[in-house]
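2 protein chains.
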Amino acid sequence: MARVLGLDPGLRRTGWGVIETAGNRLRHVGHGVVATDSGASVPERLCALHEGLVEIVARYEPDEAVVEETFVNRNPDSTLKLGLARGVALLAPALAGLPVHEYAANRIKKALVGAGHADKEQVALMVRHLLPGVGDATADATDALAAAICHAHAAGTRAHWQPAQAASGAAR
Amino acid sequence: MARVLGLDPGLRRTGWGVIETAGNRLRHVGHGVVATDSGASVPERLCALHEGLVEIVARYEPDEAVVEETFVNRNPDSTLKLGLARGVALLAPALAGLPVHEYAANRIKKALVGAGHADKEQVALMVRHLLPGVGDATADATDALAAAICHAHAAGTRAHWQPAQAASGAAR
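Keeping their order, the protein sequence lines are chains V and G. Residue numbers for the first sequence follow the numbering used here, so the first one is 186 and each next one is one higher. Residue numbers for the second sequence follow the numbering used here, so the first one is 186 and each next one is one higher.
Warning: the hint list may mix true and false statements.
Identical copies carry no separate label here, and so any pair may be met within one copy or between two of them.
Simulated crosslink set (DSSO-like; lysine-lysine; CA at most 30 Å straight-line) [to be verified]:
#1 LYS266 with LYS305
#2 LYS266 with LYS295
#3 LYS305 with LYS295
Worth flagging that the hints you see were computed from the coordinates, not collected in a lab.
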């Protein structure tokens, strides 16, 4: 059994979601959003984001973290702002010693819905189907849970492969 | 007297420099570079950067921090990477409760050399002239010291204005 923390970073709102995996079964543990005060300075907002994430890592004690690697925006200023939030989102679980994985947004969508260009509603629908306990999570939180599910699937696939690879290695 | 920490952030190398200001006099206190291992993962490198900066803030106890606001790059991927490092560079002094200021690179150059498009050598030359104790600092460190000097000048100018504004307010 492993706990995975998914993060969908943004300076204004960072979605987070925690799931538990046991074999190919998934369980919803918790989710939410770390929102920062738009009236505060950027360094103050990064502090609030950092402190929120450190608290979530301490409370849920995940084994791994997954951060959505959002498409770079056409607007360089937005790309840079997103980078600030992503830097802080990658830092909090890494400081706690967790392995931190990054998946591109379209890979996460493909893992859940089967199409890299699925919209947020389709992703949310699939997250609710796979994790019945989710309830009325916002899109930021379902995106974060989707990142965690995508990693659980990828890790599960690797786990299935391992015995086969070991067997073929032994047969050589 | 105030201590100012200047930072020139980058994922690979983040330059830092500490100066002391008393009126319009400047003194060099320390400088260096936090370099991260190019073989490590991005989250690990952000951790190393964070830990390096937290140590510098604890050791030098600055009153304020200044972060160079580098031009966004034409390459969106580089812009995002720079954003990761800048997020972490803004965070460390903010977590210590310091006011954190940002100045555009061309404003810093203009404050030191008189031209927004001065090259790194001209900036370094001026930093060495203003802070004779600097010695053989690398360009990352002289850029960080230049950011601190730029802020000291701006803050000094504001301090000179304040009595005049107060006086004109009283006269109204």
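Cross-check of the supplied hints:
Taking the shortest Cα distances, LYS266 and LYS305 sit within 30 Å of each other both inside one copy (22 Å) and across copies (26 Å). With identical chains, the CA atoms of LYS266 and LYS295 are at most 30 Å apart both within one copy (26 Å) and between copies (25 Å). For the identical chains of this complex, LYS305 and LYS295 are intra-copy neighbours only, at 12 Å inside a copy versus 46 Å across copies, given an alpha-carbon limit of 30 Å.
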